[in-house]
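With the hints in hand, could you dock these two chains into one complex?
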Amino acid sequence: MSITIYVPCDSSAISIGADRVANAITKEAEQRGIAVNLIRNGSRGLYWLEPMVEVATDAGRVAYGPVQSHDVSGLFDADFHNGGTHPLALGLTEELDYLKKQQRLTFARIGITDPVSLDDYLGHGGYSGLKNALNMPAADIVKCVTDSGLRGRGGAAFPTGIKWNTVLNTPSEQKYIICNADEGDSGTFSDRMVMESDPFVLIEGMTIAGIAVGATQGYIYLRVEYPHAHKALNTAIDKAVAAGYLGNNILGSGKTFNLEVRLGAGAYVCGEETSLMESLEGKRGLVRYKPPLPAIKGLFGQPTVVNNVISLASVPVILDKGGEYYRDFGVGRSRGTLPVQLAGNLKHTGLVEIAFGLTLRELLYDFGGGAVSGRPIKAVQVGGPLGAYLPESQFDTPLDYEAFAAIWAVVGHGGIVAFDDTVDMAIMAKYSMEFCAIESCGKCTPCRIGSTRGYELMDEIIQGQNLDKNIPLLRSLCDTLLNGSLCALGGMTPYPVLSALNHFPEDFGINKQANID
Amino acid sequence: MTEPSTPEFIVQDIITALKDKPGALLPILHGIQDALGYIPADCIPNIAAALNLSRAEVHGVISFYHYFRETPPGKHTIHLCRAESCQAMGSMALEAHVKSKLGIDFHQTSEDGQFSLEPVYCLGNCACSPAIQINHDIHGRVNCEKFDQIITELESLA
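Protein sequences appear in the order of chains P and X.
For the first sequence, counting from 1, position 274 maps to 274 in this note's numbering; every step adds exactly one.
For the second sequence, counting from 1, position 7 maps to 7 in this note's numbering; every step adds exactly one.
Next up, chain X with everything else stripped away, as it sits in the complex (with noise of 0.2 Å):
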């Protein structure tokens, strides 16, 4: 039997609660990332299988769509706008920047398993460009200085 605070027994719990819905494989995959930051390739055959899928289509589903990741993200994940706005803001300057203090670039995570960076077009914060998202918080008019502020005040947070 499963202990209920287990990985396969949250992933089950999810698939059970929504596989009723129509059009239940996005609301899963969006449930299991929730609950535990990616979407382990060991759960794509119950998922296939609550659904009537093949485990091909499952992961089809998985891996057209960026914001799904099937590789546990570091402590921080970083979204960095690309878009338009944000560019006419400097936010090309900015994501030079952010690499090279990272030491990573978009779609790795750090060695320290501290940050993940991932591109991200558009934050709907074309106001107040270049915007960033880390975590669940989105910063506007961020610049270089801003960026370490942001990032010190995470690490103490540590």
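If we strip away everything but chain P, and leave its shape as in the complex, we get (with noise of 0.2 Å):
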């Protein structure tokens, strides 16, 4: 009887060495004469522990890790392929704290599935929210989504089933759906997982989107950086559409909806939605004036749904589960669970899918397990490189959409990045303007010239120069930012650049009593 053996394929774990495991691992047991079923499947999210091997046995996977290539010898003599122990065993993966904590809806599958496996996928409950929404009218769809409660993922939060609602609404031979999957915030990377680890999933959520709306053609909007993404959607993709998932006649539906994945090029400005669109349509990513809205006149000037990556492999479940069932999850206004995506200086990086209303500290140390350097943790970046930075002070907000904006910050789309002391806040306020420069698309004077402005005015007070006079021109900067820019570029650096002078005086060469003054 062969043993079955999983090595993630995620393009982390691949970055400290799964795949020369997984090399390992074949060698060895043809070695030995073990007869082995070697599965790439997802990555479970537990990156410290990355490459993490799990062992089929009667009592459930049993995980071992972090596993380097030369544990694998050693591992093979502690008969680990029938669940042996060994330094590196962990237990029964599901038994893991960091993973038992967790809510997992969107991800229910990953780590857990071969990702480009359809049968594993429709053995795991793919699918069943897409058969529900074949038997339904499309303005059910929209209402089950809206009754969801599921807001946009992506970073603005806006309430999906009412942009879904529009596009039903306004009539139009053709109509779109393209995915925002240019994950570009520094410390995210929920998006990325589910594409290399669940594509289908994504696939559904946008055959559901298109079958609700009547838009025929989708486009996956995917960032130049993610080419294991790349790789798996493509495969999935050609997977559905030889299965009748995708294509002329879902399923015998007599529904049409087709997809293809179209590539960025490193600009960060593509994912704000219009400049996708530019981009789309073969442009510079130079950001449009709204209105008119996408929902309204989007691609090609045609009604389109723009929705993030989490967005819409949320819908899935919904639609299977039905709305009430994912609103039952969270708090106040912010409905159902977040990938939130723990990076940066923490021990236990990772994903935790969790429904809305952890404090930031419950997952920072609970999670986390504080800095890995082993030093106090001084400031957090939440919600990607417009995201505000927040003190120990603020540790106890919970994780909700509008207890953040009380705070004047944001959730954005998941991603928390913590630093520790030795971190100086004036450097990090002088790079949110020098990305801004770089990543302007130059459309506005505000981003185009301000960012260039605030980062030599960044780099005067760095050297301790007219703080006097500086000090407050950069705060009259930061507001003409805020107030006159285009889009969110332009019109949230501030928010990094202010939270860091207003939580961090210090850095900036100021006392408190002078910056409230």
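Because the hints were derived from the structure by calculation, they are not lab data.
Keep in mind that a hint or two might mislead.
To be verified - Chain X stretches covered by chain P per the calculated footprint, using a threshold of three residues with CB under 8 Å from any CB of chain P:
#	region
1	15-24
2	27-41
3	63-73
4	85-98
5	124-130
6	139-149
Note that CB positions come from ideal geometry on N, CA and C, so glycine has one too.
Next up, the structure:
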């Protein structure tokens, strides 16, 4: 009887040796004459334990990690292929505290299945949502998503159902579904994980969206920095087409939905939905004025749904189990779950999908285990490069869109980057301005010119020059960016800059009192 | 007549295959860069003609996107992540080390033509920071020693 061993094919796991481990296991098993069925699963998202190898046993899957290729021979010696004990043994995967404490709805299959196996997908509840949707009137599908309370997980948190409803009610011969897979925020990787580790869930979500609003063509606008996701998506799309889950007659329903992956080219601003559409149309990614809304006049001038990967990947479970089921997770107006990404200087970096409402402190310490450097955490940036830096005094804020807005911060796409006390927040503020200058599309003046002036200004502040004049000038410049920019790139760069200044004035060479005056 | 293996032929082939897609310009530019490593200036007129665009419009698109390059890259292209998560894990020191080791700054190619260095803003490997990409391979938790080791391995393969 052959033994089933799992080694993740996730690109982060590969970046720290998963491919070498997989090769070593194959080779070692051959030498020992042990029949092994090696499956490249997705990552469970416990990255400090990656590469995490799992072995199927009668009691369930048993995990070992972090495994390097030189450990493999010793693992075989310890009879790990039958669940044997070894210093790297972690016990039953499902019993790992980090996983057990989570509520995985969108990530239900991730790390468990072979990402590009349609049979695996179907065997773990895949396509139940689409099957339900095919028997529902379009307006009911939209209502189900509206009832779920799902809000855009890309960052803006706009209610997904309302967006869909606008497209449904805008008559047009051609409508589009765009998946915004330009996950450019530092500290975020949940989109990448979905696309690499469960591409079918995104395909199913987009298909449901297409049927709901009457769109027959979908595009996944994928960042070029994600080659593994590109490959997984294309493989999964081909399989879905071959099995009748995509194409001109989906599961014999007579409904049409076709899907294509398009690659971006390293422009952060193309994650802004109108810039993204310009890019898809083959142009420079300049941000468009709104209105018209993309839902009314979007890609090639047609009504278009633009949703983030996680929003679309959450749709299948909503259609499978109902809007109420999803809505029952979460707090206030933040319903359902959020795949939180713990990154930067943390001991236990990884993916935590959990209902809204947990505090930052619980995430940073109970899950994250504190700074990996062993030093105190000084600041965390939540929500990507345009998100505010939060000091320790704000760590008790619950993860909830409104609670974050109340402290002038954003949840964004759910990325949390921790910094220990060696960080200089003035340098981080200067970097934010530099990033905005590099990535500005150049269309509006506050962002194009303001970011460069802000970078120069931060340079002077760091050198301690004319602080009496320069600090107020920085605030005034941020005010211009905040209120005068066309999109969130210029409009939100003041979040990291001003939060750094407000919470860590000493790093800017001024004391707290001077900062308040 | 152009030979099947010449760059002109490859470019023309890509243009012909992709020009009828809606929004064909980015797919064409990706196709050319994948095949040749960069987008030679002399293929711009052909792209422009096929898509009914001006040469300036095509050039404008190429220059807008950080990923597209108009000069040949070195044998190995290194993308070093400069984003916050990597900074929190020491990427600034790594960046200084990489630049001094290779003797080049960002957007430059080493004199021996071995290495090109480009900044990147996030490889999505933030749970294993700092991250770099060398050619198609992403490496996580890279420090100065690990970087030297990877470079030595690359050079020994040459």
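Consistency of the hints with the structure:
no., hint, result
1, 15-24, "holds (count 3)"
2, 27-41, "holds (count 3)"
3, 63-73, "holds (count 5)"
4, 85-98, "holds (count 5)"
5, 124-130, "holds (count 6)"
6, 139-149, "holds (count 3)"
Of the hints listed earlier, there is not a single one the structure fails to meet.
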